[in-house]
Amino acid sequence: MSLIISMAAFALVASITPGPVNIVALSSGARFGFRATLRHVAGATLGFVLLLVLMGLGLHEVLQRWPGLTRVVQLGGVGFLLFMAWKLAMDNGQLGAGDEERAPSMFYGALMQWLNPKAWLACVAGMGAFVADGEARLVWQFAAIYLVICYLSVGCWAYAGSFLRVWLGNPATMRLFNRTMAALLVVSAVYLLLP
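All residue numbers for the sequence shown refer to the numbering used here, where the first residue is 6 and numbers rise by one.
Treat each hint with caution, since some may be false.
Said to hold, decoys possible - Here are the simulated distance ranges between beta carbons:
1. Arg184 with Pro72: 34 to 40 angstroms
2. Val18 with Leu199: 21 to 27 angstroms
3. Phe168 with Val192: 22 to 28 angstroms
4. Val192 with Leu8: 34 to 40 angstroms
5. Thr22 with Met95: 36 to 42 angstroms
6. Leu74 with Gly133: 15 to 21 angstroms
7. Leu198 with Met6: 18 to 24 angstroms
8. Glu140 with Val18: 44 to 50 angstroms
9. Ser7 with Asn97: 30 to 36 angstroms
10. Val192 with Arg70: 43 to 49 angstroms
11. Tyr196 with Ser11: 40 to 46 angstroms
12. Ser7 with Gly73: 34 to 40 angstroms
13. Ser110 with Trp172: 24 to 30 angstroms
14. Pro176 with Trp119: 19 to 25 angstroms
To be clear, the hints were calculated from the coordinates, so they are not data collected in a lab. C-beta atoms are modelled at their ideal positions from N, C-alpha and C, and glycine is treated no differently.
Let the sequences and hints guide you as you build the complete structure.
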C-alpha cells in the first residue's frame, strides 16, 4: 500500500506542477472552454502514459546507448514550444468568434508529451524510483495510477483556464493573457537549452 501511495504522490507532483502541457491546457481552457480542451487533456495523458510504459519496458536503455537521440528529442521539444508560443502570441484574442481555430487536438496533446523534456525526466525518474529491473507488473501498476492522476491534474489546469474565461472576455485582455502564456512557453524552451 505504501508503494501505491508513493507512486501516486510522485505522479501528482510531476503532473500538477507548471510545465508546457499545463500552460497549453490553461490557455486552451481560457480560449476555447473546458469541454473543448478535454481532447488535449486526454491526449496529453495517454501520450504520457505510453511514454512511461515504453520507458519502463526498456526505452531508457536505447537512450543510454544513443545519447544523441536524447538531444534530438530535446531540440524538437524546444522547437515545438517556440512554435506554440508564436501561435499564442499571434492569437487575436477573440472568444467564440466562429473562426477556424480549434482547441488543441488529442494528437497535439500526445505529441506535446513526447516532445516535453519534463515528461521524459518524470518517466525516467519515476521508473528508476518505483520499478525494479523493468518488472512488468509494477510498470503497469504505475501507469494505471499515472493515468488517473495525470488526467485529473491536466484537467485542473484546463478548468482553471475556463474559470478565467469570465475575466478574459474582451479581446485586449485575452491577447495579454495569451502573450503572457507565450512568454512562459519561451522561458520553458530557453530553460531546456541551458546546460
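Status of the hints after comparison with the structure:
no.: 1; hint: Arg184 with Pro72: 34 to 40 angstroms; verdict: holds, 36 angstroms
no.: 2; hint: Val18 with Leu199: 21 to 27 angstroms; verdict: holds, 22 angstroms
no.: 3; hint: Phe168 with Val192: 22 to 28 angstroms; verdict: holds, 24 angstroms
no.: 4; hint: Val192 with Leu8: 34 to 40 angstroms; verdict: holds, 35 angstroms
no.: 5; hint: Thr22 with Met95: 36 to 42 angstroms; verdict: violated, 27 angstroms
no.: 6; hint: Leu74 with Gly133: 15 to 21 angstroms; verdict: holds, 18 angstroms
no.: 7; hint: Leu198 with Met6: 18 to 24 angstroms; verdict: violated, 41 angstroms
no.: 8; hint: Glu140 with Val18: 44 to 50 angstroms; verdict: violated, 23 angstroms
no.: 9; hint: Ser7 with Asn97: 30 to 36 angstroms; verdict: violated, 51 angstroms
no.: 10; hint: Val192 with Arg70: 43 to 49 angstroms; verdict: violated, 32 angstroms
no.: 11; hint: Tyr196 with Ser11: 40 to 46 angstroms; verdict: violated, 28 angstroms
no.: 12; hint: Ser7 with Gly73: 34 to 40 angstroms; verdict: holds, 39 angstroms
no.: 13; hint: Ser110 with Trp172: 24 to 30 angstroms; verdict: holds, 26 angstroms
no.: 14; hint: Pro176 with Trp119: 19 to 25 angstroms; verdict: violated, 33 angstroms
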